[in-house]
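Chemist: Below, each chain spelled out in residue letters.
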Amino acid sequence: MFFDINDLNNMHIDVLKEIGNIGAGNAATALAKMLGRKVDMEVPKVRIVEFKDVSDILGGAEMIVVGILLKVYGNIKGNILFILQIDAAHILVNMLLGKPLESKDDFNEIEISALKEIGNILTGSYISALSGLTGLDIKPSVPNLAIDMAGAIISVPAIEFGKIGDNVLYIETEFKEGSNRVIGDFFLIPDIESYEIMLRALGVLG
Amino acid sequence: MDNIIRVGMADLRSSRHPCILTTLGLGSCVGIALYDTYSKVVGLAHIMLPSSAQSRNKSNVAKFADTAIEKLVEDMVALGANRRHLIAKIAGGAQMFSFEDSSEMMRIGTRNVISTKEKLEELKIPIIAEDTGGNYGRTIELYSSDGSLLVKTIGHGVKII
Chain A
1 MFFDINDLNN MHIDVLKEIG NIGAGNAATA LAKMLGRKVD MEVPKVRIVE FKDVSDILGG
61 AEMIVVGILL KVYGNIKGNI LFILQIDAAH ILVNMLLGKP LESKDDFNEI EISALKEIGN
121 ILTGSYISAL SGLTGLDIKP SVPNLAIDMA GAIISVPAIE FGKIGDNVLY IETEFKEGSN
181 RVIGDFFLIP DIESYEIMLR ALGVLG
Chain L
1 MDNIIRVGMA DLRSSRHPCI LTTLGLGSCV GIALYDTYSK VVGLAHIMLP SSAQSRNKSN
61 VAKFADTAIE KLVEDMVALG ANRRHLIAKI AGGAQMFSFE DSSEMMRIGT RNVISTKEKL
121 EELKIPIIAE DTGGNYGRTI ELYSSDGSLL VKTIGHGVKI I
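If you read the protein sequences in the order shown, they are chains A and L.
Heads up: the first sequence at position 139 corresponds to 139 in the numbering used here, and the numbers run straight through without jumps.
Heads up: the second sequence at position 69 corresponds to 69 in the numbering used here, and the numbers run straight through without jumps.
The hints are simulated quantities; they were obtained by calculation from the structure and are not laboratory data.
Beta carbons: idealized from backbone N, C-alpha and C, even for Gly.
One should not assume that every hint holds.
Said to hold, decoys possible - In silico negatives: residues of chain A with every beta carbon more than 12 angstroms from chain L:
{"id": "1", "residue": "11"}
{"id": "2", "residue": "15"}
{"id": "3", "residue": "39"}
{"id": "4", "residue": "54"}
{"id": "5", "residue": "56"}
{"id": "6", "residue": "63"}
{"id": "7", "residue": "71"}
{"id": "8", "residue": "88"}
{"id": "9", "residue": "99"}
{"id": "10", "residue": "128"}
{"id": "11", "residue": "155"}
{"id": "12", "residue": "157"}
{"id": "13", "residue": "158"}
Unchecked claim - Taking CB as the label site, the calculated pair distances span:
{"id": "14", "chain 1": "A", "residue 1": "103", "chain 2": "L", "residue 2": "123", "range": "48 to 58 angstroms"}
{"id": "15", "chain 1": "A", "residue 1": "106", "chain 2": "L", "residue 2": "159", "range": "13 to 23 angstroms"}
{"id": "16", "chain 1": "L", "residue 1": "87", "chain 2": "A", "residue 2": "103", "range": "43 to 53 angstroms"}
{"id": "17", "chain 1": "A", "residue 1": "132", "chain 2": "L", "residue 2": "161", "range": "44 to 54 angstroms"}
{"id": "18", "chain 1": "L", "residue 1": "54", "chain 2": "A", "residue 2": "180", "range": "22 to 32 angstroms"}
{"id": "19", "chain 1": "A", "residue 1": "133", "chain 2": "L", "residue 2": "158", "range": "24 to 34 angstroms"}
{"id": "20", "chain 1": "A", "residue 1": "48", "chain 2": "L", "residue 2": "159", "range": "34 to 44 angstroms"}
{"id": "21", "chain 1": "A", "residue 1": "183", "chain 2": "L", "residue 2": "114", "range": "36 to 46 angstroms"}
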């Protein structure tokens, strides 16, 4: 039987949402540890969206964003893309490096490394949720980072996925530290066989 | 004020003069701008993949360089363009992320550009300008008045080709 992403029913989506919730919770904890501050989060929004709508979600194809892309290996294969709006990226880096929060200078080398590390730790939180719930072995690659137009960044995993379908699992998490709010957009883009493996491991696909 | 028509990802549009066709945030994708120098009919495609041959799902012809160019030319001819008067300008095909293993996915921008050029050559449509490659995104605007193509980037300037 050939599994079609468009056949995902509400139960499948609920299970994927649960992964999103647990992953976002792990991510908030990891962020709090990294920053040495209390970090709260809103209940994450988890949706299956079409690639063509992703740019709009991020505020338009020309919006400048920080994109952190990892590949995943192991029992499932695919891509993970973590997007931070440029302002949110500045706030996180400034907190991490102890700079004034309103500083918006171009990122230097150390700050780029810090952003990669943030991306690494946050995506790792989602991966461990996924791995824990499915019992699957899932390993991430080193993170790659680009700061550019949202449309251009999204196109990279969109192309990879465009070969087989047009949908992506999208988790929006809003982190709160005091009055600072940072939105992280997490996109899980497994290849089509991996969707099936994931859902089977979760016991929702016979 | 000219009529501005937006072309999405894996989408194509054509129009008679006067208008501006635009597509935003081209990364590894390629924007293919066609222009009839006499009738001023314009067409713009935003393709994602080099060829429909390797894909399971081919329902959207605008997704692939080969099928998108064919459809774009057909649509433009229907609007009064003459195949022999068409010229092409292309932009995009960047490599946004640099992975250590240069897998198929990471070289997709280059492959999109090559496939686009092959198809245009096959149809005998000359490419008179291009702005491709690099590691940055591009937004393009195609003007029906003279076929000029405006290329905008973040941190890599603005140019007209």
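Chemist: Could you run down the list of hints and mark each one as holding or not?
Modeler: To see whether the hints hold, each was checked on the structure:
| no. | hint | verdict |
| --- | --- | --- |
| 1 | 11 | holds (24 angstroms) |
| 2 | 15 | holds (25 angstroms) |
| 3 | 39 | holds (28 angstroms) |
| 4 | 54 | violated (9 angstroms) |
| 5 | 56 | violated (10 angstroms) |
| 6 | 63 | violated (9 angstroms) |
| 7 | 71 | violated (7 angstroms) |
| 8 | 88 | holds (17 angstroms) |
| 9 | 99 | holds (22 angstroms) |
| 10 | 128 | holds (23 angstroms) |
| 11 | 155 | violated (4 angstroms) |
| 12 | 157 | violated (9 angstroms) |
| 13 | 158 | violated (7 angstroms) |
| 14 | A:103 - L:123: 48 to 58 angstroms | holds (52 angstroms) |
| 15 | A:106 - L:159: 13 to 23 angstroms | holds (22 angstroms) |
| 16 | L:87 - A:103: 43 to 53 angstroms | holds (48 angstroms) |
| 17 | A:132 - L:161: 44 to 54 angstroms | holds (51 angstroms) |
| 18 | L:54 - A:180: 22 to 32 angstroms | violated (46 angstroms) |
| 19 | A:133 - L:158: 24 to 34 angstroms | violated (48 angstroms) |
| 20 | A:48 - L:159: 34 to 44 angstroms | holds (39 angstroms) |
| 21 | A:183 - L:114: 36 to 46 angstroms | holds (38 angstroms) |
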